[in-house]
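Peer 1: In case you want the letters, here they are:
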Amino acid sequence: MNFKYIQMIFMFALWFSVLNSVLAAPEFKIEIKNHLFFPAELTIPADTKVKLRIFNRDDTNEEFESYDLNREKVIMGNSQTVIFVGPLKPGSYEFFGEFYPKTAQGKIHVE
Amino acid sequence: MLLSSVVIILREVLEGAILLSVLLALSSQRDISLRWSLPALLLGSIGATGYAANFETIAAWFDYVGQDIANATLHLLIVLSLTAFAILHQVYERSHNNAIIACMILAVAFTVVREGSEIILYLSGYMNNSEVFPSVMLGGIIGSGIGASIGTLLYYALSCFLINSARKIAYLLLSLFAAGMSLHVVTMLTQADWMASGHSLWDTSGWIDESSLTGQLLYAVTGYESTPNANQVIAYIAGILLLLLLPRLLKKGFEVYEAKS
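Chains as they are written, first to last, in the numbering used here: chain A, 18 to 128; chain B, 1247 to 1507.
Simulated from the structure, these hints should not be mistaken for laboratory data. For clarity, every value in this text was computed on a predicted model and none was experimentally measured. Any given hint might turn out to be false.
One-sided and incomplete, this derived list gives chain B residues near chain A with beta-carbon spacing under 8 Å [stated by the list, open to error]:
1) Asn1300
2) Thr1303
3) Ala1305
4) Trp1307
5) Glu1339
6) Tyr1402
7) Ala1403
8) Ser1411
9) Thr1433
10) Ala1438
11) Ser1443
12) Leu1459
Backbone N, C-alpha and C fix where the C-beta goes; we use that ideal spot for every residue, glycine too.
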């Protein structure tokens, strides 16, 4: 393949990813208290990238984990984090706190 | 508490244990002393402690996606170290052992930094809780023990095979490991919104669920992902090609060059 074509495809991919980041994603907040998620169930729009801001109000560390969403992130005690999810197809996606999996459970409904 | 800490620690230890045993098996085939594993583990542990100690600061970078960027960088460094290792290991049949050792030390050390820091963050959460701390620590010891045993078994299993087939199996495991690491780079960058996201291409969770034992084992060894998006699939294939194909092409190229000159 001609080098110019490769360059063009590369530039397009770069431009597309920049454009994608510039378009701000709607933000949803979740809190962790006593190893529970508040709200434990959240509804977000389908086919939309969403910014989750998660506050850990406990003194202990937690790890936000979801096999359904392909997400995994440590949140230190008394701290916060940001996780982007989606665009997703309509359905229910489970998440949990890996360090306290018995209590810290939640679901994201995509509609 | 005991059981969940066994599972958490095992998951973290397993990746490092498998990488280490494959590299050790390839070392012993080449008559490289296995002593390099000590500085690798030591460097990794120091790095993991440093990362965990500064975790709060790093995590807050770039509006709280610093953790993803740092982890993506670590995963990328693991892939690069393993690629350099594979090239040197295949192109030079006898020489360049020191450079090969350096690549192995780097690959193992970066893996220990990544997984070790997560273990420290997990355990440190229970430091002040005298009620559950003993059972969490016990779970951690059992989990590390199981992980180390699986690694040891793999090492001896690879050493039992004939040299040629063991090398092939070791390379296959190594390339799947590197492919999993490249997939993690994409996952971390997507999670941080530094890379465009997309719908998943397929869903194999009906066959092998990621939360099942098989799924977790496959995740540790091959970076198994039941619902990957296009970027993740591309990264995975690129990882395999980097380790399996690139060294062979370079070796062929060198042979042609040497035959000409």
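Peer 1: Compare the structure with each hint and give your call.
Peer 2: Hints versus structure:
no.: 1; hint: Asn1300; in the structure: 11 Å, violated
no.: 2; hint: Thr1303; in the structure: 10 Å, violated
no.: 3; hint: Ala1305; in the structure: 7 Å, holds
no.: 4; hint: Trp1307; in the structure: 11 Å, violated
no.: 5; hint: Glu1339; in the structure: 34 Å, violated
no.: 6; hint: Tyr1402; in the structure: 32 Å, violated
no.: 7; hint: Ala1403; in the structure: 29 Å, violated
no.: 8; hint: Ser1411; in the structure: 34 Å, violated
no.: 9; hint: Thr1433; in the structure: 6 Å, holds
no.: 10; hint: Ala1438; in the structure: 7 Å, holds
no.: 11; hint: Ser1443; in the structure: 6 Å, holds
no.: 12; hint: Leu1459; in the structure: 13 Å, violated
Of the numbered hints listed earlier, those contradicted by the structure are 1, 2, 4, 5, 6, 7, 8, 12.
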